[in-house]
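As a plain string of letters, each chain reads:
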Amino acid sequence: MTVATQSTAMPTAEQHGFRPHSDGPIVPVQTRSERFRSTAVADFAPVTGREHEWKYSPVAAFADLTSGELDGARLEVTSTDAAGVALSWIPREDERIGTAGLPEDRAAANAWSTFGEALLVAVTGEDAKTVTVTRSGLGSAPRAAHTVIEAAPNSRALVVLRGTGDARLAENVEIVVGEGANLTVVSLQEWTDESVHLASHFARIARDAKLKHIVVSLGGKVVRVNPSTHLAEQGGDVEALGLYFSDAGQHLEQQVFVHHDAPHTRSRVTYKGALQGEGARSVWIGDVLIGNAATGTDSYEQNRNLVLTDGTRADSVPNLEIETGDIEGAGHASATGRFDDEQLFYLQARGIPEDEARRLVVRGFLAEVVQQIGDAELEERLMSALEAELQGS
Amino acid sequence: MSVLEIKNLHVNVETDQGTREILRGVDLTINEGEIHAVMGPNGSGKSTLAYTIAGHPKYTVVEGEILLDGENVLEMSVDERARAGLFLAMQYPVEIPGVTVTNFLRTAKTAIDGQAPSIRSWVKDVRESMGNLRMDTAFAERNVNEGFSGGEKKRNEILQLELLKPRFAVLDETDSGLDVDALKVVSEGVNRAKANTGLGILLITHYTRILRYIKPDFVHVFVAGRIAEQGGPELADRLEEEGYDRYHVAEPAAQ
Ligand SMILES: Nc1ncnc2c1ncn2[C@@H]1O[C@H](COP(=O)(O)OP(=O)(O)OP(=O)(O)O)[C@@H](O)[C@H]1O
Ligand SMILES: [Mg+2]
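Protein chains in written order, with my numbering: chain A, 9 to 401; chain B, 557 to 811.
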C-alpha cells in the first residue's frame, strides 16, 4: 500500500531528545513520565488546542466538556448478569478511586472533579465470564462519569463497556488488575452521529497479571479514548488493541500510553482503522515508556490505517522512550495506505463485483483485530457492525 | 462453439514520462478447446496483452476490438469479463491480507455462477482440486497468496482455474519459477481443466519445456507489440534453438 490522502508522523514541538531503539531509525522522545497530572480541573489552563495533548483534536466542538459545568449524576446503566461480576455505585471517597492513574488532560480532570459516585464493576472467580455494561441515551447535556473495573487476584473476565444513543460525556475509567488476573476490557463506542465522548482509561497491572484492552470506535461525532497502562509489577502483560471506522465528518482519536515500570513486562499495541468520506479523521498517538526498572521488557506497537476515499486524514504518531539498555525488544510500526487497486483488480478478475471486493478487503484488514477479542458472539456482532459501516458508503 | 477474437488491438500505457504505445495491432483468434502459445522477448508486450484482455485499468485500448462470441469485451468491467468466462492466471499474483483462500474461492464462485454453490459438493470439489495440485489443505485457511512461495502462488492460480471453470484462460508465465515436479502438477491441472470444460487457452511463456506437457495447437512469436510470426508446435523448437535474433528485436516496444 502506498500514499494516504494525508498522513503525518512528525514529531510534535514538545518532543525533544533522541534515543536509539531496536527497530530502525532514531525517534523523537516525549518525556511522558514527566507529564503533568492532577484530579483538579483548576490545575489545568483553559484548552486552546495548541497543547500537545489537544493539538490533533477539534477542541471547539467540545469546549463544554473541557471547561463547562458537567452533570455528575449517575449514568443510566444496564448490564447483563454473570456470576462473579458485581456492579455497584461507590462514593468519591472510596479508597480504590485514584489507584490506577490520574488525569493528564483538562477533560479528564473536569470529569474527575464533578462525578458524584463511581460505578464499580468488581470481578472475582477464576471461571471465564462475560458481562456487558451498556450506557445508553445519555442525552445532549454535558456529563461526567467515573468507573472502576477491579479484577481480584487470579480472577478472569471479559467486560464490555458499551455506549449507544446520544452522549456528551467526559469520563475516567480505572482498571485495576490484581495479581495473576486475566482481564479483557472492551470499550465499545456506538454513539449517535452528534455525540461527543472524551474518555481516559487508566490501567494498573499487578504481578503476572494480564490485561487485554480493546477500543472499538464506530459511532460518534468526536470520540477520544485514551488508554494508559501502568505495568507496575513484574511479569505484567498488556495487549492493547484498537479498531476504528471513521466516516465523513467523524473524528476518532486514541492516545495510547504504555509504561513499562517493572522487570519482564510485555506489551503489544495494535490499532487498525479505516477512513471513508469527506472529513473523516483519525488520530493515533502511541507512547511507550520503558523505565529504568523495566529490564527484560518486550514491547511492540503498531498502527495501520486504510484510506478508502479522498478527503480523509489519518494522523499516526508512534513514540518510544527507553531508559534502560537491558531490554528484550522494542519496536514500532505505523503505516497509512490507500486501498490497493491491484488487490481490487485481482478480486474483480475473479468475477467479484467492485463494491463486494472492497468490502472483502476492508473486512479482512479489520478482522485481524476483531478476531483477537476472544468472544465469538461479540466478534460476530462487531463484524456485522463493520459490515453496516461499509454498506453506508 | 465459443470463440475469443482479438482484432487489430492497439494499447497504450500512461507512464510518468507520458503515453507509451505498447501493443501495435495484435490479431488473434482462439476457438474453444484450442491452445495458443505466445512466446516473445522481455518487454515485447505479452503481459500487456493479458492484462488488456482482463481489463486492467492501467491499459488504454486506442484501436481495435476484443470479442467473446461476438460480444464486445472492451465495454465490460473487469468482473463482468470474468463472469462472461474470461480468466487470467497472473504472472505475479496479488496478496490479499485478511482474506482466506476458502472465503475468496467461495465468494468468486458465487459471483461467477450467480448463486452460492451447494456446500457439500463445493467443499468436496475444493478438496479434490487442492489434492490434485498437491496443495496442503492448510492453504485453505491462509490468506490469499500471503507468504506463498512463487510456485505456491502459481498453483493457487490454477486451483482457481479449475474451480471457476472459465471458457477462455490466459496463462501469463504460469511456468516461470516452477521446478519440474511443480511444472508437471500445474500442467496436469491445466490439461484437466481443458478436458473437463473445453477451455480455450492463451499460454504465455519464455520456455519450451512447458510445451512438453501442454501441447499447443499454434505458436505465435510476439515482438515489439505485435505478432511477428505464427506456426505450429515446431515453431517453438525453432525459437528455442535460434532465439529471437532474426526478428530484429534490438529495439523493442521502447519508442
Ligand atoms: N504499467 C506500466 N507502466 C509503465 N510501463 C509499462 C507498464 N506496463 C508495461 N509497461 C512497459 O511496456 C512494455 C511491455 O511490458 P510487458 O509487461 O507487457 O512485457 P512482457 O512481454 O510481458 O515482458 P516479460 O517477458 O518480461 O514478462 C515494457 O517495456 C514495460 O516496461
Ligand atoms: Mg510479462
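No wet-lab data here; the hints were simulated from the structure. Being a predicted model, the structure only gives us computed values, none of them experimental. Every residue, glycine too, gets a C-beta built ideally from N, C-alpha and C. Keep in mind that a hint or two might mislead.
To be verified - Below, computed lysine to aspartate or glutamate pairings styled on EDC-like, alpha-carbon distance capped at 16 Å: (1) 750/B - 773/B; (2) 614/B - 187/A; (3) 614/B - 348/A; (4) 614/B - 625/B.
As the list claims (entries may be wrong) - Heads up, incomplete: computed chain B residues facing chain A, CB under 7 Å, no partners named: (5) 599; (6) 631; (7) 634; (8) 670.
* Given the proposed pairing of residue 614/B with residue 187/A, does the C-alpha separation stay at or below 16 Å? -> It is violated: about 58 Å lies between the C-alpha atoms, which goes past 16 Å.
* To do: Double-check residue 670/B for me: the hint is only fine if its C-beta lies closer than 7 Å to a C-beta in chain A.
  => Since chain A brings no Cβ nearer than about 10 Å to residue 670/B, farther than 7 Å, the hint is violated.
* To do: Would you check the hint for residue 614/B and residue 348/A, treating anything up to 16 Å between C-alpha atoms as holding?
  => 14 Å, holds
* Asked: Would the pair residue 750/B and residue 773/B pass a check requiring their Cα atoms to be no farther apart than 16 Å?
  -> Holds, at about 13 Å.
* To do: Closer than 7 Å between Cβ atoms is the bar; does residue 631/B clear it against chain A? Give me holds or violated.
  => This hint is violated: residue 631/B lies away from chain A, its Cβ roughly 15 Å from the closest one there, beyond 7 Å.
* Asked: Quick one, is the residue 634/B hint okay against chain A at 7 Å, beta carbons?
  -> 4 Å, holds
* **Hinted pair residue 614/B and residue 625/B, Cα distance within 16 Å** => 25 Å, violated
* Asked: Should the hint that residue 599/B touches chain A count as held when the rule is a Cβ pair under 7 Å?
  -> 20 Å, violated
Consistency note: the structure conflicts with the earlier hints numbered 2, 4, 5, 6 and 8.
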